[in-house]
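Taking the hints as your guide, dock the two standalone chains into a single complex.
So the protein lines, in turn, are chains A and B.
In the working numbering, each residue's number is its place in the first sequence (first place is 1) plus 285.
In the working numbering, each residue's number is its place in the second sequence (first place is 1) plus 3.
These are calculated hints, taken from the structure and not from any lab test.
Heads up, a few of these hints could be off.
Chain A side only, calculated, beta carbon under 8 Å to chain B, not exhaustive [as the list claims (entries may be wrong)]:
hint: 1; residue: D313
hint: 2; residue: Q316
hint: 3; residue: L318
hint: 4; residue: Y319
hint: 5; residue: E325
hint: 6; residue: T376
hint: 7; residue: H380
hint: 8; residue: I383
hint: 9; residue: L384
hint: 10; residue: A386
Think of the CB as a built atom: it goes at the ideal place given N, C-alpha and C, for glycine as much as any other residue.
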Amino acid sequence: MNADQILTEIREANLSYLMLAQSLIRSDREQALYRLGISEESASLIAMLTPAQMMKIASGNTLLCRFRMDEDDMVWGLLLNHGKSAANDATARLHASILLAGRHQEAA
Amino acid sequence: MRSKSILTEAKQISRAVALIGLGARLQVLESETDLSYERLLRLYKEVAGKSPSKGQLPFSTDWFMTWQPNIHASLFLNIHEYLNKSSALDEIDAVIKGYQLYLEETSAQGLEPLLSVTRAWRLVKFVDNGMLTMTKCSKCGGQFVTHPHEIARHYECALCNPPARAGKGKAAGAIRMH
Numbered sequence: 286m287n288a289d290q291i292l293t294e295i296r297e298a299n300l301s302y303l304m305l306a307q308s309l310i311r312s313d314r315e316q317a318l319y320r321l322g323i324s325e326e327s328a329s330l331i332a333m334l335t336p337a338q339m340m341k342i343a344s345g346n347t348l349l350c351r352f353r354m355d356e357d358d359m360v361w362g363l364l365l366n367h368g369k370s371a372a373n374d375a376t377a378r379l380h381a382s383i384l385l386a387g388r389h390q391e392a393a
Numbered sequence: 004m005r006s007k008s009i010l011t012e013a014k015q016i017s018r019a020v021a022l023i024g025l026g027a028r029l030q031v032l033e034s035e036t037d038l039s040y041e042r043l044l045r046l047y048k049e050v051a052g053k054s055p056s057k058g059q060l061p062f063s064t065d066w067f068m069t070w071q072p073n074i075h076a077s078l079f080l081n082i083h084e085y086l087n088k089s090s091a092l093d094e095i096d097a098v099i100k101g102y103q104l105y106l107e108e109t110s111a112q113g114l115e116p117l118l119s120v121t122r123a124w125r126l127v128k129f130v131d132n133g134m135l136t137m138t139k140c141s142k143c144g145g146q147f148v149t150h151p152h153e154i155a156r157h158y159e160c161a162l163c164n165p166p167a168r169a170g171k172g173k174a175a176g177a178i179r180m181h
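Bound conformation, chain B alone (with noise of 0.2 Å):
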């Protein structure tokens, strides 16, 4: 049996403690951390109050192929690309920050964080293994979340070329085209 360094484990519940506190499914914590489940359950009841959500992760990329989603997941995928490319982070770490500053963003602009953190880091491991990527708008040059192999130069994003509906509901903290 290896032994296990105190310090790693303070620094793999602090990490569970933040991913926790963003409303991480268990799923996640079981794969970003060494805790034991027992140990992971005991600290969601702590922090969260009441115990995890059961079921099954989403995981399908479709619903990032939806309108909305597709807007949101594009935002926290720029700013997780962001913070990769401007210093060395643990992979879950930058999911943690990029998450934390992608729900500074949406609240700024009055919308509805619809993207979760579990979500999020579903997206990175797509991104990852190639599920999924990001293509360059021909229109404003800015990169959203595509499926592989869209073709780059006719690509319109999901803001400059919107479906014929979208965007004309009234809900509160869902994204307006007028």
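Chain A with its partners taken away, still in its complex shape (with noise of 0.2 Å):
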């Protein structure tokens, strides 16, 4: 990928991510804030933003968007679900999802 590949890319990702945000804010705006992880004050700037001004902030070299469970290796052993077989792996991701809705610390 060159540098003008890569911005391309990211500003694709960028405005999908953004649009995403932004229905679901408008359609659930509580359930929205578990989805997305930010914060109430996020998600009334992302709820308000017209398209000229999405467009505006989806472009440049970095995603506006990170992951939720950081360096959490718990988290990680268990959405990758090392060594185990495929029987358990929907109770691993069960797992994974408990430890990640009780991370609110992180929204506020």
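Listed below in structure tokens is the structure:
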């Protein structure tokens, strides 16, 4: 990927993210805060963005959304379910969901 | 007699409709809205297309302590707490929205949603009046539904330390540990 392609791809990803975030916030604000893992203030800002503003924010060389699990080894381990059988995939994923749902400090 | 606001009533009806749609028992609606029993009954039949089931609500905390239900209840309660901490919601709205997200999670993992909305509502009440609480697992750090006064330092959750025979069943939609 050359530099131009990288910038294009990042802009596309940012734009998709912003559009999805905005429609989630508009359809159910409280559930959107859970789904997106963002603060109420960020949600208010995103909800108000015009298409032109979105285009402006989306361009740049960095992504706007980031990983929810940061460097939490426990959650990563459960999501990847190393060396366990496939039957227990759903169980490990469920365990990860419980841990992720419990992490609301980051949202504030 | 106090004058009834039409807007308040509309809000209550839409809550009742959402709860009926999720499969709530009539007692939940009676407790969470000011609508009369007769109106709720009519609404129930209109929305669900059948009469509500009769009989008492489950009233014991024991169910939440059994293996699979405890995991389901913990998932719901973590989502519920998240919603409450990130925005100011009326209590019943937090139950409705949290339960919808719980249903999405279980269906995404191909699991049977063992926790009914009526049980989810009871769970929140049990936590409010201190009969149940959440304790942090000493292994994974997740919060799980427990009786109060669980010794946190030694507590291990139902997923880190499942009982010997847990998760060996072959029923579709059950939590498995192999």
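Verification of the supplied hints:
For D313/A, the interface hint holds, since its Cβ comes within 8 Å of a Cβ in chain B; the closest pair sits about 7 Å apart. The beta carbon of Q316/A is positioned within 8 Å of a beta carbon in chain B (closest approach about 5 Å), and the interface hint is therefore held. About 4 Å separates the beta-carbon of L318/A from the nearest beta-carbon of chain B, less than 8 Å, and the hint is met. Proximity of Y319/A to chain B holds as hinted, the smallest CB-CB distance being about 5 Å (cut-off 8 Å).
Evaluation of the E325/A hint against chain B yields a held restraint, the C-beta minimum of about 6 Å falling below 8 Å. Checking T376/A against chain B: minimum C-beta separation of about 5 Å stays under 8 Å; hint holds. A distance limit of 8 Å between C-beta atoms decides the matter here; for H380/A the minimum to chain B is near 5 Å, and the interface restraint holds. Residue-level restraint check for I383/A holds (minimum Cβ-Cβ distance to chain B is 5 Å; threshold 8 Å).
Hint status for L384/A relative to chain B: holds, with the closest Cβ pair at about 5 Å, below 8 Å. Restraint check, A386/A versus chain B: the minimum CB separation of about 4 Å is within 8 Å; hint holds.
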